[in-house]
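Chemist: Given next are the chains, with one letter for each unit.
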Amino acid sequence: MRFLFKTSYEQDLRLFRDRVDMGWYILLLLATIAVPFLLSDYSTGETAWVFIYGICGVSLMALVGYTGLVSLGHAAFLGIGAYAHAYFLGLGVPWVASVALAVVITAASGFVVGLPALRMTGIYLAIATLAFATIIQEVFSRWESVTHGFAGMPVAPPEIFGVSFADARPFYYLCLFFLVLALWLTRNLLRSPTGRAWIAIRDSEIAAQSMGVNLAIYKSMAFAYSAALMGLAGALFAHKIAYLAPDIFTILLSIQFLLLVIVGGLGSLHGAVFGAIFVALLPPVISILRDDIPDTFAGLSTSTGIPLFHIFGDALGAFLKKPGVEAGLFGLILVLVILLEPFGIYGRWVKIRVFFSTFPLYKADSFKRQKAYMKTERLR
Amino acid sequence: MSLFAAEQIAINFGGIKAVDGVSFAVEKGEVFTIIGPNGAGKTTIFNLMSRIYDTTEGRLMFEGQDITRVPPHKIAALGIARTFQNIELFENASLLQNLLLARHAHKKSNFWSELLFLPSVRRMEVEHREAVEKVIDFLDLQQYRDSLIVNLPYGVRKVTELARALCTEPKLLLLDEPSSGLNVEETEDMAFWIQDIKKLLGITVLMVEHDMTLVSAVSDRVLALNYGRPLAMGTPREVQSHPEVMRAYLGG
Amino acid sequence: MERSGVRSLDSRVRKLINFLQLTLNGLAVGCIYGLVALGFVLIYKATELVNFAQGDLLMLGAFVAYMAVVWWGLDYWLGFVIAIIAIAVFGALLDALILRRVIGQPQFAVVMLTIGLGAMFRTFASVTWGSEIYTLPTPFGGVWQVGGVTVSHQYVSIIVGTLVLCGALYAFFNFTRIGVAMQATSQNQLAAYYMGIPVKRIFSLIWAISAGVATVAGVLLAPVTLIDINMGLAVSLKAFAAAVLGGFGSIPGALVGGIVIGLIELYSGATLPEGLKNTMPYIVLLVVLAVRPQGLFGTLGRKKV
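Residue numbers (the numbering used here), protein chains in the order written: chain E, 1 to 380; chain H, 1 to 252; chain L, 1 to 305.
Don't read these hints as lab results, they were simulated from the structure. All residues carry an ideal CB built from backbone N, CA and C; glycine is no exception. Mixed in with the good hints, there may be bad ones.
[To be verified] To list a few chain E residues with every Cβ distance to chain L over 12 Å, as calculated: (1) W184; (2) D295; (3) H310.
[Stated by the list, open to error] Distance windows between CB atoms, simulated: (4) E/D12 x L/L97: 38 to 48 Å; (5) E/A97 x H/G64: 46 to 56 Å; (6) E/A364 x L/R100: 22 to 32 Å; (7) L/A234 x H/V126: 47 to 57 Å; (8) E/D21 x H/V126: 14 to 24 Å.
[Unchecked claim] Each computed DSSO-like pair below joins lysine-lysine, with the alpha-carbon atoms no more than 30 Å apart: (9) E/K6 x H/K74; (10) E/K6 x H/K134; (11) H/K74 x H/K107; (12) H/K17 x H/K108; (13) H/K134 x H/K108; (14) H/K17 x H/K134; (15) H/K134 x H/K107; (16) H/K199 x H/K107; (17) H/K107 x E/K6.
Chain E with its partners taken away, still in its complex shape:
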């Protein structure tokens, strides 16, 4: 068991709880840096998706997890960032400036979308964001001079100050850099008055107001910041996908991002990363399983002599090959997470960590949820 003795106020402000924690994170960073040397180029490319989704997760976590404003159409911001960046690159704007412009434009659109948030609550706001996302998707299809509409828009490969980042390995490091940057910036906000104001808005708007928090400004800031991060992710997304089309940035993609934050663990930055790992890696895992499961079960059949395994394996394999199964699997996992582990992967991780750190004195009901009664969110 490790006890944390606090001797100065600074300790609560630091990024890491103590040296040991910092050590673990540095180790994690080194491992992440080493990954491209251990995997094939293709796998490295797939892992870069984790970082891009991670930035999306951080963005949504700041808005939904910390400020409590639900956005059902966040993929629209990803699209705005992606198209803006591709457009400016096409005009010959240097990479860094193009990304900066994309971020600013997306932040501005986030601010605009956030304006209704100032007067709407809960479900109304969620549906309003949905409506915005649909409208923006239509704009992608129609504004052909900028987005090339349905014809699609090719994206120039990333080249920063003359150095090409198009290959798998350099692009991987580029995405990793921006994820770490996004995490650091958001963490900074969360340990400052702005982050606290956001949490206050989530938990009790009236109390926040009576403490001096200007609701309008902070809600707008939350939307703008969240959108800005999405814009950054969008720029990287554009390069990764190399060819933009309006039907990429759908409501279903937005829902995938929401799934990311819930499965990862709502209310923590770790959750954003865990969720990103989950959402980015699940489809490749399913494809691998799809092909391997019948064979694995067939082998199990022959070794144990029970033909049932073989039949089960074939049925499962056939099931996984049907169209639209992926969405159902995501749905199933989402349902299971909410029913069984509402704190997500990060929550489970914390429980496991506490178990080992307090072993053998772990108390079985350490995380027992109090029997909860429905607290009305209806306003009177």
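Based on these hints, arrange chains H and L on the given structure of chain E.
Modeler: Chains H and L only, in chain E's frame:
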């Protein structure tokens, strides 16, 4: 000049006059209590003062300034803090974060410096923390610092409400039923704290209360209300023995 | 002179006929949106949960009716009734087995739960019935010609069906004991418990009714859009806009919202250029919310402190 004065304030809720022409003034350094049966409009007056509701008539004056139309989030910066009858704490945050949030009105950093967490922001955070720790010491909340509010017992939450209001460094403190739900011991503690707030911290206290023992113990002046209208104002003993007040409480 | 007068009269009559045609179609489509929105609002009023899987219940209802009529060869009306009962029971089970376990969690988590359930329903439908497009044979095949307006029996069946259903629900909620108990439960859960109302069973019943309403919408819609696993999704979005437009929490509002959205969809489809055609309902929604954040019939409340 009184620290705070309400002049003929009123508000209706769909035909019911919750507050009907109430006037009173609170002098600097006193403990002023508003009493009255349930539904008399006491908390509504607080909500009018916090600018959660708009008064339909009259004026609110604070330190000589007209604050009748000031937006609600500017009230804290003026120096008015309040606690809520039904506890409006930030349930999913730690006690420390709740108190630190109360320092928002004294925030001097802007978004960009916070984004980069510049040394100036770090320094200001430590200053806020020091101010908050003083209040934690004053109210003996040390052991609950890092606990989430959801996990705290009711009595501690009531004290946290008080602590949070104190962290805004107010000139006028509005306490809405500070002893409701507290047992005898906790109510005694509350009485001592209110007296300390008045004498040691020099903060003016405006209180809504039902517990007459507490009211008699700490108040300098009392205002009795019924059906949104004032019944009597004076020292605790004067008001408690006033015939109108007794009729309001006992019926008849 | 005379000929141009006649021609302009002709064109005006044609425009009127066009307008009536669009109105009829818009009403029919709007009724479907209204029914789904009604399902949303019923559940929300009682339990404060938003059921994003309502459209997928519609889809399941349509498929069950299809299975009864096409696979098992039953009569259309019998299939209709079987579908309603089956999905209503399914809805009640959903509430009793799954939704009840998440009471106490934040509303957002429950919304995501229903989204996940919806995805599961779609996959289930794909595996059970297939991912193609299917036709449900109905007895409403013909058309009437009223003036110059083509009144399709399908559309009339939708409007009539909606009216009948709404009338039945109105009678149920206001004149039966269970219905009044439901109203009580949705207004004040704790008081309902004290009055001896079996609140949990009432919730399951409300889910059952909501699912039944979705099934009716699905079976009425099936001949118009044909049955496929994504038919619920397409309707859900607009039905949501309808429910919010009407004011979430208002039953007549849901229907009015649905009809408004349906009419806007048809009118803009005929008159507006490509880009605005599909997004007009959403633009209208945003404008209404900007002016009245609580929707047309909703109430704006604030937390009482």
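Chemist: When the structure is checked against the list of hints, which entries are broken? Sort them ascending.
Modeler: 9, 12, 14
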